[in-house]
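Asker: Sequence:
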Amino acid sequence: MSLPQPILITDADDPRIAEFRNIRERDLVGRQAGFIAEGTVVLRLLAAAHNRLNPSFVAEKILLLENRVDGVSDILKLFPEDVPVYVASAAVLDAIAGFHLHRGVLALGRRVTMPTAQDLLRNVSAPGLIAIACGISNHDNIGSMFRNAAAFGAAAVLLDETCCDPLYRKALRVSVGSVLTVPFARGGTADDLLRTVAGEGFDIWALSPRGTADVRDIPAGGRIALVTGTEGTGLPQDILSRFRTASIPQRPGLDSLNAATATGIALYEIARRQGLV
Numbered sequence: 001m002s003l004p005q006p007i008l009i010t011d012a013d014d015p016r017i018a019e020f021r022n023i024r025e026r027d028l029v030g031r032q033a034g035f036i037a038e039g040t041v042v043l044r045l046l047a048a049a050h051n052r053l054n055p056s057f058v059a060e061k062i063l064l065l066e067n068r069v070d071g072v073s074d075i076l077k078l079f080p081e082d083v084p085v086y087v088a089s090a091a092v093l094d095a096i097a098g099f100h101l102h103r104g105v106l107a108l109g110r111r112v113t114m115p116t117a118q119d120l121l122r123n124v125s126a127p128g129l130i131a132i133a134c135g136i137s138n139h140d141n142i143g144s145m146f147r148n149a150a151a152f153g154a155a156a157v158l159l160d161e162t163c164c165d166p167l168y169r170k171a172l173r174v175s176v177g178s179v180l181t182v183p184f185a186r187g188g189t190a191d192d193l194l195r196t197v198a199g200e201g202f203d204i205w206a207l208s209p210r211g212t213a214d215v216r217d218i219p220a221g222g223r224i225a226l227v228t229g230t231e232g233t234g235l236p237q238d239i240l241s242r243f244r245t246a247s248i249p250q251r252p253g254l255d256s257l258n259a260a261t262a263t264g265i266a267l268y269e270i271a272r273r274q275g276l277v
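Residue 136 in the UniProt record's numbering sits at position 136 of the sequence shown, with consecutive numbering throughout.
What the hints contain is simulated information worked out from the structure, not anything from laboratory work.
Bear in mind that the values here come from a model prediction, so they are computed numbers and not experimental data.
We put the beta carbon where it would ideally sit given N, CA and C, even for glycine.
Every clue listed holds true.
Dumping the calculated DSS-like pairs for lysine-lysine here, alpha-carbon to alpha-carbon at most 27 angstroms: (1) 170 to 61; (2) 170 to 77; (3) 61 to 77.
Now the in silico label distances, taken between C-beta atoms and shown as ranges: (4) 255 to 219: 21 to 29 angstroms; (5) 140 to 22: 20 to 28 angstroms; (6) 73 to 100: 17 to 25 angstroms; (7) 16 to 54: 27 to 35 angstroms; (8) 113 to 161: 17 to 25 angstroms; (9) 102 to 210: 36 to 44 angstroms; (10) 13 to 255: 49 to 57 angstroms; (11) 21 to 213: 49 to 57 angstroms.
Put together the whole structure using the sequences plus the hints.
Answerer: This is the structure in structure tokens:
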């Protein structure tokens, strides 16, 4: 594909770039499945996602700092020619975004397929591994969990309705674009989600500092679902009492690890024994 001809934007109120205005306060998540991709790594993964046979994500428009065009020209060539590329000076771009945007690379993306948890679960073969998040509303944790899931070969990430949307700009950035590569579904209560996972025959392990098993002793065969709860309170007691639980041994002094860190350690231990890494 040829490099699209950039379109110069000189006015922050130009309607053609309205979706990028005040992106810190006015994120597009939840508005017709739109989201903001930020940075060159995420832009490259959005281009790759856009060009799959049946893409889950597509790009609608791109906005760049004018001196970044040459540096990302190889990525821009990966997008269809009908995806417009807008450029602006630093002052105009900052006025559009509402803060100093030092990366200078933005794209408006859209999620075009919405698989259900059941859709994703049926595509996981044994040995297989998925991550489940319940009640995690911190964007950094969600982004890091996706990055961990991608690193350790998790086939999917499932999130209950109380988790933040992984397509929120910060979560997507922290994931280093992994939200665009790891299949995910979000919705329903934690109980509904876990019933669906159990009904598909997964071995469910709930991660907790009070877990009865060492995470290193989780049997590696079959299809495993690792469940992580929110910071501080963790998973509800009724979930911990219904499913097998595992903990990560650590030195005395702290009662728990950061949710994303704990998930990463547990995913690594399971994936290593399953031969996924």
